[in-house]
Amino acid sequence: MANATDHLWMHFTRMASYSAGEVPTIVRGEGAYVWDSQGRRYLDGLAGLFVVNAGHGRTELAEAAAKQAGELAYFPLWSYAHPKAIELAEKVASLAPGDLNRVFFTTGGSEAVEAAWKLARAYFKRTGQPNKYKVVSRYIAYHGTSMGALSITGLPGIKSDFEPLVPGGIKVPNTNFYRAPEHGDDPKAFGRWAAEEIGRAIEREGPDTVAAVFLEPVQNSGGCFPPPPGYFERVREICDAYDVLLVSDEVICSWGRLGEYFGATRYGYQPDIITTAKGITSGYAPLGAMIASERLMEPFLTETGMFAHGVTFGGHPVSCAVALANLEVFAREDLIGHVRANEGAFRSTLEKLHDLPIVGDVRGDGYFYGIELVKDKATRETFDEAESERLLRGFLSTALFQAGLYCRADDRGDPVVQLAPPLIAEQQQFDEIEQILRGVLTEAWSRL
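Using the numbering used here, read the sequence shown as starting at 25 and increasing by one per residue.
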């Protein structure tokens, strides 16, 4: 629409890039596809933004929202409750691993991460360790944009405008095995090394100052880094040894993205806190949550105890109703089983792209993959900043969209194309993704 840039300030957008052209405007969706205002169809290869897990056009989710709005459109969770929040908290707790039974609702992922850091700090203050406030997280990892979450985030390019940030954010190496600085021929040894780097960081900072370690099951930024064998097992041991909380940031990795309700379940580790959002409602209404263990709730169960934190729309009745309807869809259609049954086909279809000279690595799990692009497959030479600018923003992003595929071409680490389709996707969509990528990447190589 011609007036899109007159008043709408889009997120993470170079607004000047639309000074001579129209903003792509998406007007409807159905299944794994969306349509723009010109009637063109696109395969949604990113589920919106890792969000629309159940697929577009689910009228039952819209009807659940309308029904709830007609009964009770809003009431806060500040010393009161409403039925849908009670029911959803019980449901989430039943699906979460171990004794993660305490559900604190937010409106999105950044708020969930913010709440988790605040809880970690408050917990240790109330249990006699007030100096434990720092957080360990990984290079290039994204954990949100609010000031606390941004301090945990490991992406310098989106932090510099807002510094100084909240103090206490400590960074350690991530699990990008393709570019492993140590043990590049042994995934298990690399995983051990990467986990020990967390322990070394805690030692450097002083164990009595570190409150939590924040990790995604599969790191998003940088292009989908799965955990090496034994990594989370060792991280859990390190956190226990130093009395540090393990926070599994599953804003993306929960609700079936990795073939389980929670990524921690897939990789067999027990966090102290899970942060989640996005797919809990499949994007039909905004909702997030921090899910905490019974141990972390205990200091706040005294007569005057209170976790002094809250947000106006956290646990909104309409959003909770949508989440419950969304989880009914998951159960009825076995979307978790669908991902497990089809993830191998998704991987093998994407791995066909290895025959292209520009494709260096294909990595991920479930319905969550990154394809790293290189200048030289043999040496794994990457593109410099100017080359990435020309390749990703100057060509790939637009060319993929024009070819009918909405996905992410990202250079926050090394250049990658990221894919996370709705969980209903199957071989037809996998083939479509591979064919579009093949054509566009082949042309990109010819332009280098």
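Please keep in mind that the hints were generated in silico from the structure rather than gathered at the bench.
The reader is advised that the hints may include incorrect statements.
Here are the simulated lysine-lysine pairs, DSS-like style, with alpha carbons at most 30 angstroms apart [what the hints assert, rightly or not]:
1. Lys91 <-> Lys212
2. Lys376 <-> Lys115
3. Lys115 <-> Lys142
4. Lys376 <-> Lys399
5. Lys91 <-> Lys115
6. Lys399 <-> Lys183
7. Lys183 <-> Lys142
8. Lys376 <-> Lys195
9. Lys91 <-> Lys142
10. Lys212 <-> Lys399
11. Lys195 <-> Lys183
12. Lys195 <-> Lys149
13. Lys142 <-> Lys212
14. Lys401 <-> Lys212
15. Lys401 <-> Lys376
16. Lys195 <-> Lys212
All values reported here derive from a predicted model rather than from experimental measurement.
Item to complete: Sort out whether Lys142 lies within 30 angstroms of Lys91, counting only the CA atoms.
Response: Violated, at roughly 34 angstroms.
Worksheet item: Given the hint that Lys399 pairs with Lys183, does the C-alpha gap stay at or below 30 angstroms?
Response: Satisfied, since the Cα-Cα distance of roughly 28 angstroms is no more than 30 angstroms.
Worksheet entry | Given pair status - Lys212, Lys401, alpha carbons within 30 angstroms | holds (24 angstroms)
Discussion item. Does Lys195 sit within 30 angstroms of Lys376, going by the straight-line distance between their CA atoms?
Written reply: Roughly 35 angstroms between the alpha carbons, so the hint for Lys376 and Lys195 is violated.
Worksheet item: Is the straight-line distance between the alpha-carbon of Lys195 and that of Lys183 30 angstroms or less?
Response: At roughly 14 angstroms apart (the allowed maximum being 30 angstroms), Lys183 and Lys195 satisfy the hint.
Discussion item. Check whether the Cα positions of Lys183 and Lys142 lie no farther apart than 30 angstroms.
Written reply: holds (20 angstroms)
Discussion item. What's the verdict on Lys376 and Lys399, does the C-alpha distance respect the 30 angstroms limit or exceed it?
Written reply: holds (18 angstroms)
Discussion item. Holds or violated: Lys195 and Lys212, Cα atoms, limit 30 angstroms.
Written reply: holds (21 angstroms)
Item to complete: Decide if the proposed pair is consistent with the structure: Lys376 and Lys115, CA atoms, cutoff 30 angstroms inclusive.
Response: At roughly 40 angstroms apart (the allowed maximum being 30 angstroms), Lys115 and Lys376 break the hint.
Practice prompt. Take the C-alpha atoms of Lys195 and Lys149, compute the straight-line distance between them, and say whether it is at most 30 angstroms.
Written response: holds (23 angstroms)
Worksheet item: Taking only the CA atoms, is the gap from Lys212 to Lys399 under or equal to 30 angstroms?
Response: Between Lys212 and Lys399 the Cα gap is close to 28 angstroms, so the pair holds against 30 angstroms.
Discussion item. Checking one constraint from the list: CA of Lys91 to CA of Lys115, max 30 angstroms. Satisfied?
Written reply: holds (20 angstroms)
Consistency note: the structure conflicts with the earlier hints numbered 1, 2, 8, 9 and 13.
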